[in-house]
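Student: Those protein sequence lines, which keep their order, are chains P, F, L, S and U. Number 171 in my numbering belongs to position 171 of the first sequence; there are no gaps in the numbering. Number 1163 in my numbering belongs to position 163 of the second sequence; there are no gaps in the numbering. Number 2534 in my numbering belongs to position 534 of the third sequence; there are no gaps in the numbering. Number 3144 in my numbering belongs to position 144 of the fourth sequence; there are no gaps in the numbering. Number 4169 in my numbering belongs to position 169 of the fifth sequence; there are no gaps in the numbering.
Simulated from the structure, these hints should not be mistaken for laboratory data. All figures in this text were calculated on a predicted structure; none of them were measured in a lab. Don't take every hint at face value.
Pairwise CB distance ranges (calculated) [as the list claims (entries may be wrong)]:
#	chain 1	residue 1	chain 2	residue 2	range
1	F	D1176	L	I2456	28 to 34 Å
2	P	G198	F	D1176	32 to 38 Å
3	L	Q2070	F	G1088	36 to 42 Å
4	U	I4262	S	R3152	29 to 35 Å
5	U	C4338	L	H2374	30 to 36 Å
Result set (BS3-like, lysine-lysine): computed pairs, CA atoms no more than 30 Å apart in a straight line [what the hints assert, rightly or not]:
#	chain 1	residue 1	chain 2	residue 2
6	L	K2367	F	K1092
7	F	K1119	F	K1172
8	L	K2402	P	K214
9	L	K2441	F	K1105
10	L	K2367	L	K2307
11	F	K1119	F	K1105
12	L	K2478	L	K2404
13	U	K4213	L	K2333
14	L	K2307	P	K222
15	F	K1167	P	K122
16	F	K1167	F	K1105
17	F	K1104	L	K2478
18	L	K2250	L	K2487
Heads up, the beta-carbon is just placed ideally off N, CA and C, and yes, glycines get one too.
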Amino acid sequence: MSTEYQTLANDGLWENNPALVQLLGLCPLLAVTGTVTNALGLGIATMLVLVGSNITVSLVRNWVPNEIRIPVFVIVIATFVTLVELTMNAFTYGLFMALGIFIPLIVTNCAIIGRAEAYASKNNWYNSAFDGLMMGLGFTLVLVALGALREILGQGTLFAGAELLLGEWARDLKIQLFSFDYPLLLAILPPGAFLGMGFLIAGKNWIDGRRKAKLAKAPIEKAQRARVTTVN
Amino acid sequence: MSWLLGILALAVLALVAGLILGFAAIRFRVESDPIVEQIDNLLPQTQCGQCGYPGCRPYAEAIANGDEINKCPPGGQATIDKLADLLGREAKPLDAAHGEEDVKKVAVIREDECIGCTKCIQACPVDAILGAARQMHTVIADECTGCDLCVEPCPVDCIDMVAVAVKPERWKWNLDQIPIQDITASSEHSNSEDKQVQTQ
Amino acid sequence: MIEITATSPLHHFPGGIHPPEQKALANQTPIQRLPLAPMLYIPLRQHSGPAGELCVQVGDHVLKGQALTQPGVDNGLPVHASTSGTIVAIQDHPLNHPSGFSGPTAYLQPDGAEQWIERQPIDDLSRLSHREILMHLQLMGIAGLGGAGFPTARKVAGAQGIDLLIINGVECEPYIVADDRLMREHAAEIVRGSQLLQTITAAKQVVIAVEDNKPEAIAAFETVLAADANVTNTMILRVVPTRYPSGGEKQLIQVLTGLQVPADQLPADIGILVQNVGTAFAVARAIDHGEPLIERVVTITGQALSKPGTAWIPLGTPIDHILSVSGFQPANKQRVIIGGPMMGYTIASLQVPVIKTTNCILAPSAKELAPPEHEMACIRCGACEQVCPASLLPQQLQWLAKAKDYDGLKQHHLADCIECGACAYVCPSEIPLVQYYRQAKAEIREQLIEQQKSEIARQRFEARQARLEREKEERLEKHRKAAEARKAAQAARADSGEEDPVKAALARVKAKKAAQQAAEPASESTDAPADDKKAQVAAAVARAKARKAEREAALAQADDQQKADDDKKAQVAAAVARAKARKAERDAAAQQEKQEDGESS
Amino acid sequence: MLKSMRKNGLILGGFAVVATALVVTTQVLTADRIAEQQRNELMRTLNELIPPALHDNDLYRDCALIQAPEALGLAEQPVYRSRLASEPNALAIRTTAPDGYSGAIHLLVAVNLQGQIKGVRVLQHRETPGLGDKIEVQRDDWILSFNGERVRTENDARWRVRRDGGMFDQFTGATITPRAVIAAVQRTAWYAQNNMDSLFAAPANCIGEPLANDPLGREEQPYEY
Amino acid sequence: MSFFIASSPHNHQKRTTSRLMQLVLLAMVPGVLAQFYFFGWGIVWQLLIAGFTAVCAESLCLIARERSPLRGLQDYSALVTAALLAVSIPPLAPWWVIVIGTIFAIVVVKHLFGGIGHNIFNPAMAAYVLLLISFPVQMTSWLPPVTLSGESIGWWDSLRLILVQYTSAGYSVDQVRAVATGQLFDAVVMATPLDQIKTDLAQGLTLSESLSKPIFGAFAGHGWLWVNVAYLFGGLMLLQQRIIQWHIPAALLGALAVAAIIGSLAAPDALPGLNIHLFSGGTMLAAFFIATDPVSAATSNRGKLIYAALVGVLIYVIRSFGGYPDAIAFAVLLANLCVPVIDQYTRPTAYGQAGGQR
């Protein structure tokens, strides 16, 4: 794996994670992360759209004049979202129902148009595809983490309703970790999503801080100083 | 038939939008902001080159073209914050590779050692050194930016970078740095050696 | 047109506090004269503004009232010998300043004779021009005795034809009673000074303002004013309610007139001038008696003193002398405060002298003024906002100051803060708010200076670049001309047709010479002969080596204390190297001299 | 300027055409599959209440839209009719309880010819999670307590929560929700009993009307962030 | 011996934050006593648990933030938060309710926002809302006042109910309540007067029918009236001691009263009147102890008036038309959100900034 791909992967999954760092796509992120299944479903949908739109935008980037690039990106993204929506409707009907309005809302997820604008419109298609994949994966991971957090705290389960996404066999995937007499409703309700998100971001920053503290001990390479004046 | 209509409608819509955008692109073009000026105004104008560019203005141009904003040790964190504010970028800590923030200094030539080679005069970016060939040189302290570019060219190593002495009227109220006279020694006029610092 | 009558309503300024007054400690006894200190330390700068130019030398004998400095090119305010005696030193001495810095100070050893210099009173003001009167005030060293010590002549010069002259006898800060005692004992002279100031400024009206907690001072003024029918037309006494900080210039103006001085203006801009009673007194002495400002009333108070009171103190008297004759019993962590408890500053050394602005020396016991406790977090209770006389948002300013948001501070009008300390006084979390503001103000001021300096640096840099560019072009131009000359020569040769070897060679040489001359800026090349250069370089290298050795030696010393022997060796080596270097240098210099002699002869 | 306008317009138009064409194609390809999915989903719920053994007609198609504001709520509600050997057998009626704690509760009530409740399911609600949401069959058995009950009179006093002297439990901390559900089921059952014939006779004018947006019976509300 | 350098002013009004908070705690005593009298030992245990949890949470947070826990605890603010939360929740709520609430208040609402002085929201009220939406059953299970049920639960049984949810005789909270009340009253559902009205109105009863129920007594609800009077008394003590100023209580109660009068004139049979609004629920506690929290309230006097009036109106609106019977917490939190805006628009004009009026 070349460094280019490494950088892309690191950016998408951690350094420049669309959800944790760029704070993009919060609307679906906070709304559908009640369970891991929902989170995973939306994450995969977003990832598909992201990869598709990134490839397409990258392929057409040289033919699109600057002035109309945004409308073109929007058309491309809207098309992919509709395709994904129709496909999910046809093949994972239950999940489609559960995710409700949030599938079409992917079209307004700024993470997607953000990547189209920031990366795909300046790079070749295979790099863009990889970037889309990594960004999508990063987004999905955050969704799933938040979903797991809220599902465990709110219901004491994991993978409840996995059959909606994966078919009937997945019904057994559900893990009942513990059961409450009184679930922590806050975790299920939208404020819980905000709090959970806050804690995830805090966690990431904390880890970054620790890593940086370790890095700081490394010796610093002196940069070349320019001579402003010439001395004969 | 309905789908054909859909395609047609969208195509027309897109066409119209494209026309409008094409029109707007030409009609409402704005000249770019003189951002370099604004950046240059924030830089400390020491002209020290520690950023890797020959002078503050070249660095300002580089920043405008996307270079990092944390390469200016004389400006320090305050300058970085202001640049971040101006450019809407994230304020980063000073890049240690370019040096560290230091107290303000001026160059002082040990005049009895100066051989009058004029090398420092040529090195000074703000013409703050007076002198002529084989004459003793001296630094105009008020004009010196403390860039220390004159130190290295000096063949006899007679230039020192000295921290600027603070005058009472430019004192910054750092009470905890005041040396306290020991009260038992208060009757003696000489400065007692064992100064004790007592802070609130 | 502002007009104040004895019955016109008083106004309010927002906020304000009522700290315990503690004035009875020192205002019960008349103003004393203390024994003269064995040495006076007279700082050359005792006011806000540039220092004067020194006009005495070490060893000079000076008379009482003799100027030690004169205005000079900076138009500074002179200081005078407070008594007769000898100048034994002029050197840095701890300044009467919160920073604890030292500054140039004249050490005056009194001879005890109190021999006055010849005084030149002004009998008739009308004989002198306005300019001459102001010059006289400046030469007498008069500065505002109430606060910052702004030169009175300059303040008065900026306030011509004003509506209202306010003589400030409010003295609102706890403990301080210097003005109180002065008003009680010298009301007539204060009124006289006020009249003089009125004449000088051509003010239409004079108001003497006194706080209602000084009944004796009020009575004294009433007696004086009643006795003189002339003054009652234009001069009235107003008694203002006791509330800190009503003695602040801006607050007093608001109380008396209901007007506010706009933020970027001076009181004179709205037709008002405020002078302290002490200043009025000093003006009277300076004009009627020709006495320069060499002493002032100082409040000596606090429970760490057994004999508090007020005294005429010659400027330059060190604090420890005053304290010791007042029965100073210091405790551990003793505070000695110059000024009052609200706005005064602690000093770090008792050697600091009394200067023109010193109105109070406060040595409190820990019981009466408890030392500050730990700063706790701000709970946004808003108490500070309720007491701020400038209607600022102290707590907001505090957050901004802590965040170093200087632009935000400017927007919140930090500059309008008068540092009265009311906010910090009421703060339940004991946040030293004023300290934060002062630091922020200093930082803002510093940034402004830096910005101006950087602007100058930019101009100089750009000018230099332009100059270099110009020089380069000139050089290129010379090259071009030389080349043209060569070409012309060639052309001439070609034109001549026949091959004249001698001519051609000559032309070649000429062209070459021209080119050479063009290439080397003649003025710059003052190349010393080779041997001189060599010597110079040798000397320099030797010196550099010596310095290196020295540095290494020093390093070694610092690094390893145990290796004292090595150290010594290194030191010796360094010394030897240094000596060698010096010798080489001398040689080089001698050689150079010779060379130069040779050249000139 | 004209050149730029023409170029931009044509490119954008071209993109629109291609994109729309793609969408249309996909839609054509998935249409059948989607319809089937919707049907399956509907049948699953219906079959829970009226087991396949009790009918041999196509419930999915034997659907009538009925408007009965008094009993079923303001909207037109689908009624699915189960027939065995062409004989009327049972009804599944969608109904609305407008007076839930946090708005309307949508229910599906199955009644047999005798007016006996075959089963009740909550299709959609916004009751407080942890309190009112015990009306969901996934969370509590409470909704099953209707099975086999019958409404005897129009104001049958047994059809109350226990605290009001009826026969149904309430939940700890929430009485409004059960009250609303009980009242709605009662109204619906009473309506069905009295209009059995006309309900079966109504023309089948809806096919596969979806019961709710959310088969879990719980609506994830589209909060507007 | 040495000198001491300090910045001016050197004298100081000796009323520290610690002292202020202590006095606030002291002023809560009458209210707590009233609650103890009417609702039994539960309040005492809740206070103890909350106080202990608050001290622990505060210390841990301070240690985690590398500050001295001893100095941090000295300001007593954590205890005030704990006390406010403890008096707000039902006396027999399980222990983990108050523990979760207190930890949330201290850790999330206070320290994650930067510690005392930096929290935008009133910690006790934010925690109350968290508990209310997370554990609606526990948070709405109030006991009928002892004076009404005639039977009190002993200190030991109260503790057992809080810790293990069963008395020594094996009764659960619900059973105790049912036994204590003899099924006289609503044995299961919430028993506060405001709750009762809301439930009754939802059931179709008229206001007067609801008010004729025994829980209301003569004026504004058994027990609750006296609890409110006691908090009013404590609040007046704070006013007299100048710990708080009149602006917030006056504006809050005034706005609430005006709204209540208008409401009951407009719809006498659906909206309860002045007496119910002022002396039921947590009105007095809110007016004198909660809304006056300096950290999350507006700062200028004008700002305080606006802020508190907003709280008053919000309390009325939410009580009358919202989903929850009492509305103190929501109203305070919503008003907290508005504080920066209020502060911005009630900024006094600084000296000399008004433009030179000569």
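Student: Can you list which hints this structure breaks, lowest number first?
Tutor: 3, 4, 6, 7, 12, 13, 14, 15, 17, 18
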